[in-house]
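Number of protein chains: 4
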Amino acid sequence: MYTHKTSLRVRYGETDQMGYCYYGNYAQFFEVGRVEALRELGFSYKKLEESGIMLPVRNYSVNYIKPAMYDDLLTIETIISKIEGARITFDYAIYKEGDIKVAEATTTLVFVSKTTMRPTSPPKDFIVLFAGN
Amino acid sequence: MYTHKTSLRVRYGETDQMGYCYYGNYAQFFEVGRVEALRELGFSYKKLEESGIMLPVRNYSVNYIKPAMYDDLLTIETIISKIEGARITFDYAIYKEGDIKVAEATTTLVFVSKTTMRPTSPPKDFIVLFAGN
Amino acid sequence: MYTHKTSLRVRYGETDQMGYCYYGNYAQFFEVGRVEALRELGFSYKKLEESGIMLPVRNYSVNYIKPAMYDDLLTIETIISKIEGARITFDYAIYKEGDIKVAEATTTLVFVSKTTMRPTSPPKDFIVLFAGN
Amino acid sequence: MYTHKTSLRVRYGETDQMGYCYYGNYAQFFEVGRVEALRELGFSYKKLEESGIMLPVRNYSVNYIKPAMYDDLLTIETIISKIEGARITFDYAIYKEGDIKVAEATTTLVFVSKTTMRPTSPPKDFIVLFAGN
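Chains as they are written, first to last, in our numbering: chain S, 1 to 133; chain H, 1 to 133; chain Y, 1 to 133; chain U, 1 to 133.
Calculated directly from the structure, the hints in this document are not laboratory data.
Given the structure is predicted, the values throughout are model-derived calculations rather than measurements.
Note that beta-carbon positions come from the ideal geometry of N, C-alpha and C, so glycine has one too.
Treat the hints with care, as some may be off.
Chain U residues, not near chain Y, derived (Cβ > 10 angstroms throughout) [what the hints assert, rightly or not]:
| id | residue |
| --- | --- |
| 1 | Asn59 |
| 2 | Pro119 |
| 3 | Val128 |
Just so you have them, the derived chain Y footprint on chain U, three or more residues with Cβ under 8 angstroms [said to hold, decoys possible]:
| id | stretch |
| --- | --- |
| 4 | 14-27 |
| 5 | 32-40 |
| 6 | 51-57 |
Model the full structure from these sequences, guided by the hints.
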């Protein structure tokens with residue numbers, strides 16, 4: 001199973017008045033995680049869209065375990081856990097200070113053709129890419 | 001079961017380049033839903049915090065069914081589905097144009113004392129409030 | 001001069017750990033102000049885009065006078081102060097609790113053709129609309 | 001004059017349906033610019049707050065020159081241009097693809113005591129730090 005790690009820092013604008021990173025902002029962190037995971041595999045999400053395929057999120061669930069605070073340097077672990085038909089599932093875990101687990105999450109996304117606005121197969125090079133992972 | 005409805009419009013800044021309301025922005029919509037549901041019951045989330053109790057989100061899961069688009073007028077239905085110990089669970093559904101279901105979601109939040117930073121019982125007037133709903 | 005008023009409440013997710021509404025979130029409030037001002041005049045920003053004209057912001061300046069806090073009910077006053085060539089300027093003031101001025105701002109936006117990606121005249125019905133205001 | 005450079009990538013959630021990075025999201029980029037500029041000088045914005053001093057933004061103005069698009073790798077140049085009494089002014093420029101100027105901006109922030117909620121002098125080590133820059 002391919003696991004990718006990327007890092008980012010909690011911005012001031014991402015905190016809320018509890019002093020926590022607002023629960024809604026994690027969605028962007030997971031997005032960064034999956035985009036960077038794909039990039040490292042040589043796959044550009046940007047180019048995917050330019051080729052006429054969008055990848056909207058269909059399901060998203062997240063457990064918030066420990067709060068992430070302002071200026072915390074977070075590590076986002078992303079695993080591409082399943083590709084089946086038009087669907088791709090990513091699992092994530094976020095850590096701070098090395099091994100304190102902040103959150104874990106899953107998202108399922110669907111390949112959608114911009115032309116038909118219907119689910120579509122992933123591009124061939126994408127399938128080839130993941131055949132070996 | 002107490003069900004509350006509130007409305008809001010998708011802002012331009014909430015869209016993404018697919019033209020969809022970005023999946024991460026729904027968390028704010030559900031937050032608006034539960035805050036307004038509590039307000040209608042005579043319960044102020046703001047005052048709760050001022051009294052020393054925070055209510056961070058512990059779990060959040062959402063299914064995106066139809067995209068919400070720019071300027072769509074959304075109806076958020078909020079149900080307080082369970083209060084158990086220090087935990088409160090809200091269920092939500094979002095509709096547009098009357099009856100097109102856009103998303104459904106669940107969040108579990110935990111009453112946390114600002115002093116001890118540990119889970120705590122909801123305030124008494126809150127429990128009384130929900131005894132009858 | 002046409003002045004429009006609209007209201008919105010500061011969301012929890014819009015606060016930061018100072019307990020203030022984050023300075024970056026005001027841009028969305030001004031966006032809501034201008035969109036609602038145009039809507040009341042019978043002009044839909046959404047339809048403008050569908051007709052092939054975008055209206056990106058070119059300049060934005062804002063003075064933060066008093067902090068807006070969580071759950072504050074804000075009144076946004078929007079004035080369309082100038083239309084000149086492809087440019088339109090809006091002035092704004094935000095108030096809370098009636099007359100406490102929270103912020104004032106100005107934005108200049110440019111009508112841009114989606115086809116040529118160059119500045120373009122506003123649509124004719126738009127010009128007619130503002131000839132009388 | 002001390003100039004600091006930092007980089008970040010435009011996230012999908014930061015785009016809008018024009019395909020541009022939404023104009024309101026630049027405020028976070030400038031925040032990242034000034035926080036990283038201070039960090040490189042050995043000064044932690046987080047510790048400043050912990051010591052009882054907040055630094056809210058008082059004025060902010062920005063010119064949007066070329067749109068930043070999804071996945072663009074931006075360079076943010078931050079200059080601490082003036083410290084006077086309780087006020088500190090930062091100037092910024094954002095570039096993409098090396099030398100294409102995306103935006104330029106200025107913010108003035110005010111040192112505010114959390115205890116009195118009134119403007120206050122910057123901490124001494126901060127003044128010393130900037131005496132030589």
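Now the hints, each set against the structure:
1. Asn59: violated (5 angstroms)
2. Pro119: With a cut-off of 10 angstroms, Pro119(U) remains clear of chain Y, as the shortest Cβ separation is near 13 angstroms.
3. Val128: Non-interface label on Val128(U) holds, nearest chain Y Cβ at 25 angstroms vs cutoff 10 angstroms.
4. 14-27: holds (count 9)
5. 32-40: violated (count 0)
6. 51-57: This one holds; 3 residues, not fewer than the three required, reach chain Y with a Cβ under 8 angstroms.
When the structure is compared with the earlier hints, violations turn up for hints 1 and 5 and for no others.
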